[in-house]
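Engineer: Sequence:
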Amino acid sequence: MRATGPGSPFPVSEETTSGRVSKVGAADVHAGDMGQRYLAAGSRVAMRLWAAEEPTEGKPEAAREYETVGYVVTGRARLRAGDQTLDLGPGDSWVVPAGVSHTYEILEEFTAVEATSPPADQAGRDAPPA
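Just so it is clear: in the sequence shown, position 83 is 83 by the UniProt record's numbering, and no numbers are missing.
These are computed hints drawn from the structure, not numbers from a lab.
Hints are all accurate, no fakes.
Listed next, with one range per pair, are the computed distances between beta-carbon atoms:
1. GLU57 x GLY99: 21 to 29 Å
2. PRO55 x SER93: 15 to 23 Å
3. GLN84 x SER22: 30 to 38 Å
4. SER101 x SER22: 30 to 38 Å
5. GLU57 x ALA26: 29 to 37 Å
6. PRO128 x GLY19: 28 to 36 Å
7. MET34 x SER117: 14 to 22 Å
8. GLU109 x GLY19: 35 to 43 Å
9. ARG44 x VAL73: 19 to 27 Å
10. ALA127 x GLY91: 29 to 37 Å
11. VAL95 x THR56: 20 to 28 Å
Positions of the beta carbon are idealized from the N, C-alpha and C atoms, including for glycine.
Turn these sequences into a full structure, and let the hints steer you where they fit.
Structural biologist: In structure tokens:
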């Protein structure tokens, strides 16, 4: 069973609240509205995958109520936040603090894994930017 929480399409797993370990099988991965794939999630942190994201001019800017840490598996992207610009490539990792307005420009087909705290897929925190 997928371990997520209130406001999510998945219930909180009993394993998360009972101190037991849990697994999210490949067949249980849920796709989000922006192309992300939600992976394992607990009560305080969640993982998601951005797989083979196509190049873009820039995604809509957003400030989220969760902290994001990410790792580039393949491809290249540019992360912009205020006056900061970070070029990201394979093996790079990054942090976006909660509440910081930012955007990503995908420069070449991009695959990355992110962890969010609190979990992005709970309580509508991961809705597409307006």
